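For reference, the chains in residue letters:
Protein chains: 2
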Amino acid sequence: MTVHAFDAAIALAPQGDGVWQGHTSPAYANMIGPFGGITAAQALNAVLQHPQRLGEPVAFTLNFAAALHDGAFAALSRPARTNRSTQHWVVELRQGEQTVATATAVTALRRETWGATEATLPEVPRPADVLPPSRAGRVEWLNRYDMRFIDGGFPPVWDGADEQDSRTQLWMRDNPPRPLDFASLTALADVFFPRIWRRRAKLTPLGTVSMTVYFHCSAAQLQATGTGYLLGQAQAQAFRDGYFDQTAQLWNEAGHLLATTHQVVYYKE
Amino acid sequence: MTVHAFDAAIALAPQGDGVWQGHTSPAYANMIGPFGGITAAQALNAVLQHPQRLGEPVAFTLNFAAALHDGAFAALSRPARTNRSTQHWVVELRQGEQTVATATAVTALRRETWGATEATLPEVPRPADVLPPSRAGRVEWLNRYDMRFIDGGFPPVWDGADEQDSRTQLWMRDNPPRPLDFASLTALADVFFPRIWRRRAKLTPLGTVSMTVYFHCSAAQLQATGTGYLLGQAQAQAFRDGYFDQTAQLWNEAGHLLATTHQVVYYKE
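Protein chains in written order, with this note's numbering: chain A, 1 to 269; chain B, 1 to 269.
Take the hints with a grain of salt, since some may be wrong.
Identical chains share a label here; the pair holds if one copy fits it or two copies do between them.
Below 20 Å or equal to it, Euclidean Cα-Cα: the simulated DMTMM-like pairs (lysine to aspartate or glutamate) are [stated by the list, open to error]:
hint, residue 1, residue 2
1, K268, D70
2, K268, E56
3, K268, E112
In case anyone wonders, no lab produced these hints; they're calculated from the structure. Keep in mind it's a predicted model, so treat the numbers as computed, not measured.
Kindly generate the complete structure, drawing on both the sequences and the hints.
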């Protein structure tokens, strides 16, 4: 049995006492350092794998402190507080003596309650009716995802035209397909290409500094989603003095809103 | 000169080495423990007051691990990583041996760049044309804010009717007025009453577990906003198995989007 590239990438070797060793993965390489989504999945995995974990992820925030260099990193995860049904986690990723990421997570034992969805699945064509991009990705991690852009894909020309808005809608899943879980959903929350590229049709240098994912799903719902596509929708609310935000939603094909996510991204000009 | 209740509430006494002592404030008391927004402002203040701080806040996440009991708390803030123009903070609030909140922040030296706003100020009446609520708040902290609901105010009757959506729009500011800064903007990001009360017209027991604020402004812009009102708009995207989210925007009267904010809230039924 072949190990999926995603599972190989997020694998952590326990060093005891909430310390784990991981490695950056060439399969998820970005222009400088790894794809942020894989770093986020690795950090969350240090919580998921922890023997003291209570329940499933509800909220997860990762701050990217520096580009990881290729090679090993240490993940340190500790439960800062354990309540009856919720648990609060503090995570740090380190390379040598340097902190490369900080993170927090809330896990919880969830139980069934009244529910409702206000952000409903937009009317979009089915995944099979949307073409995948015709070219291989310019960076390696892009090849790890099957992305089918419905609206707001990569600019056809990088001519610096102001596109008026930054919205993107796409169907997406792991490539090759892999059954969805909390770690892969976290990585998928970072698949959207930078909103400023979409808005300005210009390859501005940039980097995500902080990212938050709220999970509106159980492990059972993710299992039921399986290898199906997720509809991702992302848009910026403001670009200001070197930082822009992104707010996004991820639904499965059945229309369940699995996660909402936000990030703030540095840009150069 | 009288000290504003907000300044008294967020005051921290330095104990050296990134440790600060603060106190809960009766002026910002909620039903159980303090108003979450004041706890968030206190935690951010442990970064703002830190002698090693670089730049101004860009992103801030606070996780509420437990209700604070009345009295003193310790705030521990440390810069986990300092880069040329960004800095990553880890914060913890403690009472006795217990962690009551964890937080992270990103601060940065920002410089002027191309900018745009996609979430623009909705068409709403001016603050002077909107009446404040006629009754004193049922909990003390509500009296610390001047809130003028335009749309989606407190349900007139708590009859459990499904209101179909959870959106609220209001003008708000400190009461009495106080010049806006990063700490008070952070507290204002938590002023919205719980979305599930708005949606269901039912006083479900609940508590915020995690809250993130992205700042799209400089100290100078906040100073220019002064004691003016902010338009706050908030809505939930999903209510599911004991947790709902809230996504919100805060503009000043001039129409500048100063902050976007998100939170995830536990609810009982």
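Checked hints:
Taking the shortest alpha-carbon separations for K268 and D70, neither the intra-copy value of 24 Å nor the inter-copy value of 45 Å comes in at or below 20 Å. For the homomeric pair K268 and E56, the shortest alpha-carbon distance between copies (17 Å) is at most 20 Å, but the shortest distance inside one copy (37 Å) is not. Only between protomers do K268 and E112 lie at most 20 Å apart by alpha-carbon distance; the minimum there is 10 Å, versus 45 Å within a single protomer.
The structure is inconsistent with hint 1 alone, although it conforms to all the rest.
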